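Asks: Listed below are the residues making up each chain.
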Amino acid sequence: MLEPKTTPAQAPASTKRGPRVIRRGGREHTVLLGIGAVLAVLVILWGGQLDPFNQGQLTRVAIFAIAIVGLNIATGYIGLLSVGHSAFFGLGAYTTGVLVVKYEWDPLMTIPAALVVCLVVGLLVGLPALRIRGLYLAMVTLAFGVAFPEIVAHFDDLTGGAEGMTIRRQQLRPPEWSGFTLGERSQWVYWLCVVVLLIVMWIAHNMVRGRYGMAMIAVRENEIAAASSGINIAVMKVTAFGVSGAVTGVAGSLFAMYIGSLFAEGSFTLLAGITLLIGLVIGGEATRSGPLVGALAVVFVPYYAAELGQGQVAAVLFAVVLIFVIFVAPAGIVGGIAKAVRKVVVVTPRIPRKPEGTQQS
Amino acid sequence: MLEISDLVMRFGGVTALDRVGFTVADNEICGLIGPNGAGKTSLFNCITRIYRPEEGAVRFNGTDLLSLRRHQIVRHGIVRTFQNLALFPTLSVLDNTVVGAHSTSTPHLVPSLLGWPTTRAARRRVEADAWELLERLELTDLAFHPAAGLPFGTLKRVELARALISRPSLLLLDEPAGGLTHSEVNELGQLILGLRDDYGFSALLVEHHMGLVMGISDHVVAMDFGRTIADGSPAEVQRDPAVAEAYLGRTA
Numbered sequence: 002m003l004e005p006k007t008t009p010a011q012a013p014a015s016t017k018r019g020p021r022v023i024r025r026g027g028r029e030h031t032v033l034l035g036i037g038a039v040l041a042v043l044v045i046l047w048g049g050q051l052d053p054f055n056q057g058q059l060t061r062v063a064i065f066a067i068a069i070v071g072l073n074i075a076t077g078y079i080g081l082l083s084v085g086h087s088a089f090f091g092l093g094a095y096t097t098g099v100l101v102v103k104y105e106w107d108p109l110m111t112i113p114a115a116l117v118v119c120l121v122v123g124l125l126v127g128l129p130a131l132r133i134r135g136l137y138l139a140m141v142t143l144a145f146g147v148a149f150p151e152i153v154a155h156f157d158d159l160t161g162g163a164e165g166m167t168i169r170r171q172q173l174r175p176p177e178w179s180g181f182t183l184g185e186r187s188q189w190v191y192w193l194c195v196v197v198l199l200i201v202m203w204i205a206h207n208m209v210r211g212r213y214g215m216a217m218i219a220v221r222e223n224e225i226a227a228a229s230s231g232i233n234i235a236v237m238k239v240t241a242f243g244v245s246g247a248v249t250g251v252a253g254s255l256f257a258m259y260i261g262s263l264f265a266e267g268s269f270t271l272l273a274g275i276t277l278l279i280g281l282v283i284g285g286e287a288t289r290s291g292p293l294v295g296a297l298a299v300v301f302v303p304y305y306a307a308e309l310g311q312g313q314v315a316a317v318l319f320a321v322v323l324i325f326v327i328f329v330a331p332a333g334i335v336g337g338i339a340k341a342v343r344k345v346v347v348v349t350p351r352i353p354r355k356p357e358g359t360q361q362s
Numbered sequence: 062m063l064e065i066s067d068l069v070m071r072f073g074g075v076t077a078l079d080r081v082g083f084t085v086a087d088n089e090i091c092g093l094i095g096p097n098g099a100g101k102t103s104l105f106n107c108i109t110r111i112y113r114p115e116e117g118a119v120r121f122n123g124t125d126l127l128s129l130r131r132h133q134i135v136r137h138g139i140v141r142t143f144q145n146l147a148l149f150p151t152l153s154v155l156d157n158t159v160v161g162a163h164s165t166s167t168p169h170l171v172p173s174l175l176g177w178p179t180t181r182a183a184r185r186r187v188e189a190d191a192w193e194l195l196e197r198l199e200l201t202d203l204a205f206h207p208a209a210g211l212p213f214g215t216l217k218r219v220e221l222a223r224a225l226i227s228r229p230s231l232l233l234l235d236e237p238a239g240g241l242t243h244s245e246v247n248e249l250g251q252l253i254l255g256l257r258d259d260y261g262f263s264a265l266l267v268e269h270h271m272g273l274v275m276g277i278s279d280h281v282v283a284m285d286f287g288r289t290i291a292d293g294s295p296a297e298v299q300r301d302p303a304v305a306e307a308y309l310g311r312t313a
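Protein chains in written order, with this note's numbering: chain A, 2 to 362; chain B, 62 to 313.
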């Protein structure tokens, strides 16, 4: 009786029947989710027993996915274009590097430290968002991204400057309780990154499916209407930028553990920031699984492109892939797939009704 | 009670509001009429702090609205709809409505990130409330459809739902009958009166559809060139020669 009408926008033009409607939380939906979860577990387990090189590639995918989830919060959901998220990635990495090398911290304990450092810096860098927007804000983040390697070079007694910083293998020994030996370090990092990725994606899911996420989208889509609805735009933008930086910083911290040696001129230049942005656009802005798909593209497209040709060819091929994706699916791969799927199956939320007896006037 | 006094707003050399002043009593529907460019929407924008007037005062139940920031206005019970729609296109009709409850049930960051049970419960409560409003406004068929692509008149009702969910004490309606057919305008008038009786708010209604304004307003204010030119009962304002002049021009 309350089936949503299939509107012209949803109904496929060619078929007579509209898309199949599945109720969220219903049996079909639960089964589909279950199949998805089983597949995800199988892929993760499969990755767990791969050879070190391919496993390392998956670890990189997980790390980039976390970084892009962070970027997605600022750029995808609340619409603050950030070109310089490489700086948060680098800041997280150097927080871990410095704490482990200079202060002999347990690497695991440096993850929350990187989170806090990047949160604070993210809030500060986000402050200009109070007054400026769009391309002008992008310029501020660009400056931040450009400045980061210079700042690292400046504090060379702490960071090793241009020579870089190497974390000794011994210092990255997996913890006792994990059961991994020093020789199995790459496996330990793989599992660590996968677990952190799952946590980060779960948190992002909670945020964007909840009313907080709706408020963020509201700010992105119409600031005046959002403010008139009682949303404090300034606070929300700065907060989102801080959280965004913090999540990307966590990815940087994991990257330091994975790679073991840090060169600001290599890994954390503006190019890295643009790579994150490309990953987000390819995967799908403001989607929950877009960052993961984007991370796959960012890791594997240059890799396979490099097999086809030397040097510039890889870069050109990467650019061609990007243009192709944007042309075919302007909302990114996940956005494009979601649109196609909606022609066949539509998942609608349950009808929110008040429980009996709590009717209010 | 909304009290507007001596409000002045200029854009460069144009004086959009020139010492406007009137009051809207509690539970009253006040129609605001005037030719295009008379300053009606500018006045709305001053009340909701989108503009900052140069002079004058706007007080609501004793609170100086001009000292507030945009997002605080709704916390004092004032919400508006927009002449040319200001919705969130990718959000569904239901979610657009839910966002309107931001001030009455504010989601906080950390509990939202963790999916805290209280946050989920608050969401269910707000959604159930939104659903009731959508039922009332006959929008449930479209509840899960994104706002983008729906007809103008439908979206006007979505804006109304988003405004009502915060249980306002003053509703500012900017041309709610825009895009409606003649019979729909009559229904809208009855709907506004019914909602006022159920929820108890006063309303300031900007509208060009005279039948609607004169039919449901308790009190009508006419504006022209940023000034209040008539203020009284609908019948009085209709008879006022200044109003006829503003609309039809002076007879030679």
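Think of the hints as simulated: they come from the structure by calculation, not from any bench.
Since this is a predicted model, take the numbers as computed values, not measurements.
It cannot be assumed that every hint is accurate.
[Claimed, not checked] Far from chain B by the CB rule (all over 10 Å, computed), these chain A residues:
#, residue
1, L33
2, G48
3, I133
4, F156
5, R212
6, A216
7, A219
8, N223
9, G231
10, R289
11, P331
12, V346
[Claimed, not checked] Examples of chain A residues toward chain B, derived with CB under 10 Å:
#, residue
13, G49
14, M215
15, A226
Note that beta-carbon positions come from the ideal geometry of N, C-alpha and C, so glycine has one too.
Asks: Does each hint hold? Answer for all of them.
Replies: Verification of the supplied hints:
Distance check on L33/A: its Cβ is at least 18 Å (rounded) from any Cβ of chain B, clearing the 10 Å threshold; non-interface status holds. Non-interface call for G48/A relative to chain B: holds, since the shortest CB-CB distance, roughly 27 Å, exceeds 10 Å. For I133/A, the requirement that its beta carbon stay farther than 10 Å from each beta carbon of chain B is met, with the minimum near 18 Å. Separation of F156/A from chain B is adequate, the least Cβ-Cβ distance of about 31 Å exceeding the 10 Å criterion.
Distance to chain B contradicts R212/A as a non-interface residue, since its nearest Cβ pair spans about 4 Å, not more than 10 Å. The Cβ of A216/A does not lie farther than 10 Å from every Cβ of chain B; its closest approach is about 6 Å, which violates its non-interface assignment. For A219/A, the non-interface assignment is contradicted: its Cβ lies about 5 Å from the closest Cβ of chain B, within the 10 Å cut-off. A beta-carbon of chain B is positioned within 10 Å of the beta-carbon of N223/A; the least distance is around 5 Å.
Residue-level check failed: G231/A sits 3 Å from the nearest beta carbon of chain B, not beyond 10 Å. For R289/A, the requirement that its beta carbon stay farther than 10 Å from each beta carbon of chain B is met, with the minimum near 13 Å. With a least CB separation of 13 Å from chain B, P331/A remains clear of the 10 Å interface cut-off, as annotated. The Cβ of V346/A lies farther than 10 Å from every Cβ of chain B, with a closest approach of about 14 Å, so its non-interface assignment holds.
For G49/A, the suggested interface contact is broken, since its CB lies about 27 Å from the closest CB of chain B, more than 10 Å. With a cut of 10 Å, the hint placing M215/A at the interface with chain B holds, because the nearest CB-to-CB distance is about 5 Å. Taking 10 Å as the C-beta contact cut-off toward chain B, the hint placing A226/A at the interface holds, the least distance being around 4 Å.
The structure does not agree with the numbered hints 5, 6, 7, 8, 9, 13 stated previously, though it agrees with the rest.
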